[in-house]
Amino acid sequence: MSGSEIARTVLREPAGIAGFLLLALFLAGAIFERRLISFPQTDSRWHDITYWDTEPANAPPAWTNAFARQKSPVSIVLRPTRSTEETSGETRLSTIVFTYQYDYDLPPRDLVARFRGVGDIPAALTLTRPDGQEITLDQEQIAAGSGTDVRISVDKSAGQAAFGFLQGVETQDAMAGVDPDQLRPTSVLFARAVPGMLAHPQALRGAYTVTLLAVLPTRQAQVSAPALLVTGRVSGLLGTDGSKRDLWSGVIAGIKWALLIGFLTAFVSVAIGVAWGVTAAYFGGALNWVMQRIFEIFSNQPVLPLLIVISAIFKPSIWFLILIMSLFFWTGPVKTVYAMALSIREETYIEASRALGAGSWRLIFRHMIPLLIPYAFASMALSVPGAVVYESTVSLLGLGDATIVTWGQILHDAFTGGAVLGGLWWWVVPPGLMIALMGMTFSFIGFAMDRILHPKLRTR
Amino acid sequence: MADAVVSVRDLALHYFTRRGAVHAVDGVSFELARGETLGLVGESGCGKTSLGTALLAMPAPPGRIVQGSITVDGIGILTMGEDELRRRVRWEKVSMVFQGAMNSLTPVLTVGKQMNQTLQRHRRTPRNEARSLMERFLGMVGLPADTLDRYPHELSGGMKQRVVIATALFLEPRVVVMDEPTTALDVIVQAQILNTIKELKKELDLSLIFITHDLATEAEVADRLIVMYAGRIVESVPNEIVFSGKACHPYTRMLLAATPRLHEKVSDLAFIPGAPPDLLSPPSGCRFRARCPVAFDRCAAEPPLREVAPGHTAACWRCG
Amino acid sequence: MAAELPQPLLSVSNLARHFRARLGGALVRAVDGVSFDVQRGEVLGLIGESGCGKTTTGRLVMKLIPPTAGRIRFEGRDITECTRSEAAAYRRRAQMIFQDPYASMNPRFRVRDVLREPLSIHRVGAGRKEREEMVRGALAEVKLLPTEDYLDRFPHMLSGGQRQRVATARSLILSPLLLVADEPVSMIDLSTRAEILSMMREVQRARGLSFLYITHDVSTARFFTDRLAVMYVGRIVEIGSAEDVVERPAHPYTRALVKAVCEPSPGGVRTIRDLAIRGEIPSPTAIPSGCRFHPRCIFATADCRMLPEPVLSDVGPGHQAACRRWKEI
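Residue numbers (the working numbering), protein chains in the order written: chain A, 1 to 460; chain B, 1001 to 1320; chain C, 2001 to 2329.
If you're looking for bench data, these hints aren't it; they were derived computationally from the structure.
Model, not experiment: these values are computed from the prediction.
The beta carbon of each residue, even a glycine, is placed where N, CA and C say it ideally should be.
Check the hints yourself; a few may be wrong.
As the list claims (entries may be wrong) - The calculated label-pair distances, taken between Cβ atoms and stated as ranges, are:
hint, chain 1, residue 1, chain 2, residue 2, range
1, A, Arg8, B, Gly1035, 53 to 61 Å
2, B, Val1108, C, Gly2041, 35 to 43 Å
3, B, Gly1100, C, Ser2283, 19 to 27 Å
4, C, Ala2087, A, Ile308, 31 to 39 Å
5, A, Ile308, B, Gly1100, 52 to 60 Å
6, B, Pro1283, C, Leu2023, 55 to 63 Å
7, A, Ala286, C, Ala2140, 29 to 37 Å
What the hints assert, rightly or not - List of simulated lysine-lysine pairs, DSS-like, C-alpha gap at most 27 Å:
hint, chain 1, residue 1, chain 2, residue 2
8, C, Lys2259, B, Lys1198
9, C, Lys2259, B, Lys1201
10, A, Lys156, A, Lys256
11, C, Lys2259, C, Lys2327
12, B, Lys1246, B, Lys1198
13, A, Lys244, A, Lys256
14, B, Lys1202, C, Lys2143
15, A, Lys156, A, Lys71
16, C, Lys2129, C, Lys2143
To be verified - Partial chain C-side listing against chain B, Cβ under 7 Å, derived:
hint, residue
17, Phe2223
18, Glu2263
19, Ile2272
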């Protein structure tokens, strides 16, 4: 069976078509990864918290807004709408204005003013609300030295300001027991200024202006690349996890690893298995006996427990993991390959070739192996899900390769991050679904190859 | 014929494959007289095996009988339902020794159990009666009673074939169809089986249809020769006339010339060049035309099977 | 006095092949002391029924299986045990045609690949072009014309007769001296059989090939061979010219064999033939004592059972049989 014949066999079945479509989708996802995800360095910086600071933590996907009664704001990075500088002698006053259009029901988690600063800079951050109220969120002396990234978080710094604002509006009774340090500034700042706003806040929609005032006392002092990060409550296509990581990017990045693990393990293990079976069948005798015993030793091992133990001890990289899995998966195709090779060996055309003078290598490689290729492919297809699941299991237990993103890892973080108990379905379901889908893809393809997988040991 | 035990009229059997309908048997008529042995001869693919299966109303799928009638012992069998066929016709009136049957004995059951399976399927018989029946017929084919307790692998090729023949006979049918019963056997065993068949014919007053591709075997055991080609009968002639060299259809003559003779060292055996036509779309006119050495323009029209001498019919413009 | 025969191309003496089918099972004496010569350009037929060892003898001659005893001489040299390179050289000069025309070719190989295989095994032919030429030449020799039509076909696209032609072409392409043909036409239709045999005959004559023709069909053996050897349960019981063996069989087994061949005669349909033989072929694990044919022989006496096995002895010029009583019967 040539490649095109195999493809035709598979596509004859609905399962095969479905499998191929899914596989095409997965491959597209892996190939176009860069374009699909909004965080291009997901792979290498999954564990780098500085990369993941623009999004809220544990945020549901943005599209859930469509179903929610109360609309949550989406994270957004704002550039200044206006930026002016007044000079007064040596000192410059920089005024940077951001405009934020707020049309939601729930307040953003945070507002973060970000810039690169040089020197000692006194700075102030003010908020002008649509109802005209102006609140000074924060004033501080920023020591930027020779150049640092400065972040002013409203959530962290505007507690007192929010408290003060609240006091001006709420009744005495409502204010009783309110602790400024526990107060979430944004829930006050974005609510209508009416009594009862603490207990039942109503969103104040409209245009908000955030002004950053920075005094630059020396000529070296500088404020550059200013941006206002509005941290929403929902984020991205699949939400975020507890470390503010975009899960869509994580899941997509995981595709290539799953494919790699699956294919490589399948290929290596089936190659070994076929070689093993053919050699044992062809040469027979003592060699066969030895090979059978080795096979029995390997095939009787409990692979998953072994994998877990090895991973716990050696903390392997993904390549080592693939190697270990291949070291056990090869036993899968051996029995059938052995039986097939044995029956091929008895075929008259083998004897005829030997009568022509063919040696063992020619008989094995020119006659036997080509007849086994279809079975090898089918066997590979069915090995992939196993490899993917085993790796996911190992990662789930926290023993996987920590330098890469795999679905198993995401699941591990979900469990340790309390996603299940916290009802953070977007963290748990997508990676689990992907594992299942990948398994399905190759199972479908394998099912469609059933005729090849279960040869009636007829080699004609 | 008044005494015909089998009468076939215009029988057509087609195999409905994905590529189309293969006209395996395409308009065949003949009769088998009581006590007669018919030798049905032809190349592989000529339709003789299909014709054999049709006589039991058992065409192999995807085959179907599309036309014609078959009368066995006065009963038209093509209009009967499966159930009735199984009860009244198959094995009771007409039975078959299938090609390669001796090799399809299952290795995991004893001979007795297998024979009994066939027996019970056609006629419910209590166990001891069944046993004595089977023993009797094994004896008729020259096998000892203890064969019933043996497994097929313990028997030689000739013995297995005798078992199969006994199985075809034990309900004492009127007609037995034997499809290549001796082809896979050694020379001496073949001769022994043919002797046995001759004995059985006499003892049980059998009417036999003997299907083979080997003219020498056919002539040994049959009274009349029927030659099939591309789904049609091309000649029907008593063997006596064949011996005297008066077979007239070119195909028959070429087959005879291609059969090696033991006591003549023929320096060059005759052979028939070419191959039989594709039965998916049979050619027009005489189907043998392309390979016939004496074809002429009249052969563009299909010659009917007609009498060229008393008891001798042939489908050829050059005959009679 | 027969003229001094030239050295035979193939000379087999006391060849035997004994083995146990299972560990601890009975000893199967498939070939039990066989000797014969094949001259250059001669066709020797080996006939017998199932289990007589003729196929095994063919495989022994082709060195596909090792003999338990005996020697094989080819072109005067003893090749019974030889090095790999000697075996390879032998394979160029002795080739085989198998019984099942479909099974003897890898179904995934095209005709071109089938014919190229011997060339590439033995590194014959300077380059692709030359090999292609040789392949076409071989196809033409077996009359598969036009060759282009056949080169790209798979075996399942060929009829039985055509496949056997390809198999013959494959065996001829290295220009061997000896061809071992094991039942080459028994699985082919009767009408094509004659065609294939005629083709082989022509090739044999044109090239002066020696043939070892193995078959159970006495009639085609008569047609095809110069000399005939009759085998029974591992031994040759009669050997001579084809005419002598068939017309004047000396050994009782040969007589029975010849009698059993269907030679239709008027009235034969009603006659139970006298087959001049009893019983069944014994198993090669339980060969009768004395003359191995004695349990089935209608002429056997107590001597036939008790005296040692008779050897091939002259019963006529160039004609030998292994029976002590041949003159009396």
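Enumerated hints in conflict with the structure, sorted upward:
Violated hints: 2, 4, 7, 10, 14; rest satisfied.
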